[in-house]
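A.B. asks: Take these sequences, add in the hints, and give me the full structure.
Listed below, chain by chain, are the residues.
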Amino acid sequence: MTTATDAIRPGGGPSATGHAEEKDYLNVDNSIMSWLFTLDHKRIGLMYLASVLFFFFFGGVLALLIRTELFTPGADFLTYFVSGKNAAELKLAAADLYNQLFTLHGAIMIFLFLIPSIPATFGNFFLPLMLGAKDVAFPRLNLFSFYIYVLGALFFLYTLASGGLDTGWTFYTPYSTSTNTAVIASTFGAFILGFSSILTGVNFVVTVHKMRAPRMTWTRIPLFLWALYSTSLIQILATPVLAITLLLLIFERALGIGIFDPAMGGDPVLYQHFFWFYSHPAVYIMILPAFGVISETISVHSRKHIFGYGFIAASSVSIALIGFLVWGHHMFVSGQSPLASLLFSMITFAVAVPTAIKVFSWVATLYKGSIVFNAPMLNALSFIFLFTIGGLTGLFLATLATDVHLHDTYFVVAHFHYVMVGGTLVAFLAAIHHWWAKMFGRHYNELCGRISAIFVFIGFNLTFFSQFVMGSQGMPRRYFTYDQVSPELLSIYTRMHQISTVGSMILGLALTFTLFYLTHSLFFGKKVHNDSDLRWTGESMEWKAATPPSPHNFHEQPIAYNGPYDFKEIDHSLGGGH
Amino acid sequence: MSQVADHAHTEHPPHLHHHFHSSAQQAASAKLGMWVFIAQEILFFSGLFMAYIALRYLYPKTFLAAHEHLDVSMGALNTVFLITSSLTMALAVRAAQTSNKKWAEINLLLTIGFALAFCVVKYFEYSHKFHLGIFPGKYYAYTHIPGNPEVFFGLYFVMTGMHALHVVVGIGLLLWIYLKTRTGAFSAAYYSPVENVGLYWHLVDLIWIFLFPLLYLVK
Amino acid sequence: MNALNHLIATATFWMPRQASDVAVELDNVFYFIYYLSVIFFVGIIAAMVYFSLRYRRKSADQRTSPIAHSNTLELWWTAIPTVLLAVIFFWGFKAWVTLNVPPANAMEIQVRAWKWGWEFTYNTPNTTFTSPNLYVPEKKPIKLVMTSNDVLHSFYLPEFRIKRDVIPKRSTVLWFEARQATGTWPEETARKQDPKTGKWGDVSLSKPYNLFCAEYCGQQHSMMMRKVYVLSQAHYEKWVAEKEKDAGSDKPLDVLGQELYTSKTCNTCHSVDGTAVLGPSFKGRYGAKIEFADGTSGQMDDDYIIESIEYPNRKIAKGFPAAMPTFKGQLDAKQLRALVAYIQSVNGKYNAQKK
Amino acid sequence: MSHHKDSHGSHEPHVLPLSIYFGVFFALMILTYITVKVSQLGLGALAIPIAMTVALIKAGFVVGYFMHLRYDDRFLSLFFASSIVFLGVFFAFTVYDLGARDTWVPEEHTQVNLIDGKPFCDPEILKNNDRRKKVCDEAKKRGDHGHGHGAHGNVVKAAAHPTPAKRGVAKVAQPAARPATPAPVARPTTPAPAPVARPTTPAPAPAARPTAPAARPTAPAPAPAARPAAQFDAASLAAGKKLYQANACWTCHGNEGKGDGAAAAALPVKPANFALGNYKYGGSLGDIYKVLSNGSPNKASGMVAYAHIPDNDRWSIAKYLLSLKK
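Residue numbers (my numbering), protein chains in the order written: chain U, 62 to 639; chain D, 37 to 255; chain B, 13 to 367; chain C, 31 to 356.
Errors might be hidden in some of the hints.
[To be verified] For lysine-lysine, the following DSS-like pairs were computed, each having C-alpha atoms within a straight-line distance of at most 30 Å:
| hint | chain 1 | residue 1 | chain 2 | residue 2 |
| --- | --- | --- | --- | --- |
| 1 | B | LYS204 | B | LYS250 |
| 2 | C | LYS164 | D | LYS97 |
| 3 | C | LYS288 | B | LYS327 |
| 4 | B | LYS152 | B | LYS257 |
| 5 | C | LYS300 | B | LYS327 |
Please keep in mind that the hints were generated in silico from the structure rather than gathered at the bench.
C.D. replies: So, in structure tokens, the structure goes:
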């Protein structure tokens, strides 16, 4: 049992000074079966990482196709991919292809990347480590939810093969019950993916409650775990409503039971209530883990205790709870009653306050810190920049008057890309670089990391800030061609679309470059022999485990004597503080 | 497998997984996991009840006219079956807690029996409706109910069908627990699986307690 | 036309031209939130950049401050945003109410959306006609009562800042009032050379507004765009008169007759399946001898039908109340022949050739 | 809450005495019997609240004792309660929206359910519902009482041969006249049967009338304070007047709507007098529109449904009728 006092060197366990022959979770058993049927939360995390990245790049390619088509007002780029006798037929076939592209881009990115990315990959890998536990509460359930994820993804691939999907990721009835594309296959896929998300949530809630290290009270767990805990609450309480909505949609198409389909006497606005009751909390499932990652990276890379720990933890949980009351702001113009819209708009403003508190606290953490501009920190700072724009533009969409003009235009597209890509994706990049050495025991090339962070930032802003301008000028969403627009609007739309397409190329290149140098570092990166080789270490418990961690994380049960952010560089004689 | 220091005084019980420190922690985790799963199931069925409320609001007369075609006596019989199966399930869990293998097996068999009876009654109810031509959704072919009966029966079949599916899954779980009880796997020290299946079964009964009045009784 | 150029000048960097007073109000709300956001954004980013550069790590063991939180700071940056958000909410709500409640004297136009097109139905005192594009008089509130044939669509006029979903089997309402005409009727044109193709053609000088479908509705979601023409009151009346002239239609006689049978509500008293309601049924009596209330009798032929429609009380059928009103003056000769044709077709004695 | 406080080593289960189990069982049986008997009393609007409270009590027993929640860790009950709260939130907001849809603009109320209460094979409905047309035609071919459920129909009491005595089961032509008195046509915004809020009290109770702004937005917007009864736009009033003439409404309701038309004498139920404003089934625009679309709820009156008149014309006629009120 090493006592806390001599924990000057972060690597507490004997293995830290051990040599290469000490087995870590990666090389303990290299057989395929040991990977496919592993119960080790770290290996499951890596399997999630691989599949999540595959679908991210697949969705990214679809996005590039869409952007290239929109470079010019008319229908031209996609007409090369379709067949038709004359120009009109080509244009209509290309329109169908375009509709399938944006639908699959939306569905794949949301269900297969954004929802599982940070919780399933870094949550699975680091939650037990940060708690000082050997594994999650139900390892077999954890593996089961990974294979449900794979099964759901297979259904999506089957949808691709059997006629695609052209209903938009929202599956709005009555269009989704009347189109002849493979709606049942994709809804069933999303239904199964929902269970993977629920079961991961169950696992995390039980682990955080029951398997914390000795003396690790609720105020000593890292903020990344507070974020994951709030996310799991949403996953458990919101996803079932999506499950029942999609099941009812499947019955609606197969049996025509008439709950949502007006032809049989149902009410399509009722479907929107069902759908958005899940889908708004789902956007918090996507962004809360990103908040957790940013809280970790900002404090570790400025070697300073996070500013306002209590407020940030409380705001994570309050965002999760209030997130359930605001879904109606997606339906202000959809025939929802005016009084309900009034109520939803009022509560939506209440959600903006905790988000603002978080951003202010991160910036306050930088004050009097010791900041180094490495890859995770650059990504974290670009997160704050991009997420602030995303959050502030949310105000325009929450206000009743302006939402009428801006709803279903490119303003909304830009808003949720700023929050999803600028937020969750950039935080994902920050997390990958922050924990890369700890996960794989190898270093990525720091210069490449910084270059990729900067280019992602530039490409992203070019792509999506132009869409803000286009959106407020009235360009509607999901439009294949915009050539019949009146002249003065046409010139604005064309210029903005062109800037956006160029930006998307830069963003695409930057992300491929990131994938390249990270995979390169897996095989040729500088090996990490002991913790002194690490470029940075934190004070939360995952840094006390070996690098890369041993199969059962810790050789002896670590005790949480100090909080996760009590860095040794903090000079308590400087005064101030709690 | 290195032992955790504070675990030395009791030998390693067979059922304890390596990543838990004590069987108390494991049992508490299993129970919390099950209750979280039950919360999720409740919200799953909430969608169906919300659909019921919305459609009843839209079609009050149809609902009144159509639900007279549901047979109250069969519904009441099913309620009795489910409540008794809930009782026998609770007794089975109690028997497992007191390491009383014999009574645990008897109660489990009774629970499975009542569950099967529920399914049989459900089969008769459905077959009678199909015989009348009352099929879900667009296949509906019974002309004697005014208003929009397709919607009511569509909803009826989805709600009771989804509940029946959960009953069938419950029967599978009960069989699995019954077989494990026969091999003597459960005792006062380790009865979490029986307890969790019991919680799931009571949830199924809970759902029916609300389904029965809403669909069969309410005028 | 110079008034129109002034109108186009109202377009700003963020917003298209302001076609209505409501649009001006909404732009004010938009720019209020916009400037507030810019202030907050610049504040946050400046602080971030300054802190990051000022406290860059200069030496490996650079000391950092132990400040972990301060209640006063937390209080202020919760209170101030909440107050500002409340202001935004109320202003937005006030503007939204004007948007959502049509004035009582608004002129009503029926809008029908279908998979991939719009149709506007105008009810004028003497006829109803439809038009693919929306023509409206200036400075007059217009109320659109909208419904869809198949799937969800959304009626979106960016220049008026209004949008409303159009739902099948349900009607939704939207209103706007154009500030200025966007052209004349008949449209003035000027010969211009198309820059791309070099061909000479006459290009209309009016600058109509755009009508988009904003709710995804399938293959031609982006191609069902239409134009909104705003005309001065005089031009608008000229346009309506023109449209009414060519609104007549030539359907086969018995089909026209059947339409009249329901639209003139003959079905209220006369059935077509032989059962008597208030009056005798049309079926089964055509051509037969029928007695009248005053004891006389006669044959139910075409002349008797036309006579009874115009002067019902002359020959009242026996056993039926004298309750039939006269329709004289409401049906022209062609419509009367159409009704007779329909009664013949009900009794299976209608031959299309005989006009 | 860290796990060290739990008892070390083996975990002693908390076992309840047998009497509790059987006691709860009998309570549940009695409560079930009560629900069934209460439901047959036909209490009308009260039925749902009673049924729900009884179901809640039963649920309380099952969750408290059978599922052992009363004796377990407080967090479990907290988590269970939170799922009920979120369920209540979901119901409350959605029902609130369903109920308040046309508070500001009457035409916006949901028309999809106008066929409620109409006979299944109503010719009007069959016109644009060919699926039902096929079903009705087959039913006619097989004789009018559905396919062969004859003798053993007693299992399903109501579906017995359509004896007119107890239940006015619809003969194809005659709309089903429920023996109960014609319930007043509730304006679609105040739902007749109180919406079922399943368990306990969902957070904001769905008040029939939203409290915030008055029924009509009296905010200082240029829109008129309250919509005065007779002041509609000239065009739709003119259209309404024209349609009133064209559709021969005057035959029964008279030229000025006083209900003194020529045919009125012959009608068993006298037509309404619009001039005095004695609308029998509600005086708002939506009510008149509904009577015009569905026909008078009182089947004996000659006022049939004028569903064949285009939807928007019916609105104009309704406005014109309102404007007749002196």
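A.B. asks: Determine for every hint whether it applies to the structure shown.
C.D. replies: Verification of the supplied hints:
no.: 1; hint: B/LYS204 / B/LYS250; verdict: holds (27 Å)
no.: 2; hint: C/LYS164 / D/LYS97; verdict: holds (24 Å)
no.: 3; hint: C/LYS288 / B/LYS327; verdict: holds (28 Å)
no.: 4; hint: B/LYS152 / B/LYS257; verdict: holds (24 Å)
no.: 5; hint: C/LYS300 / B/LYS327; verdict: holds (26 Å)
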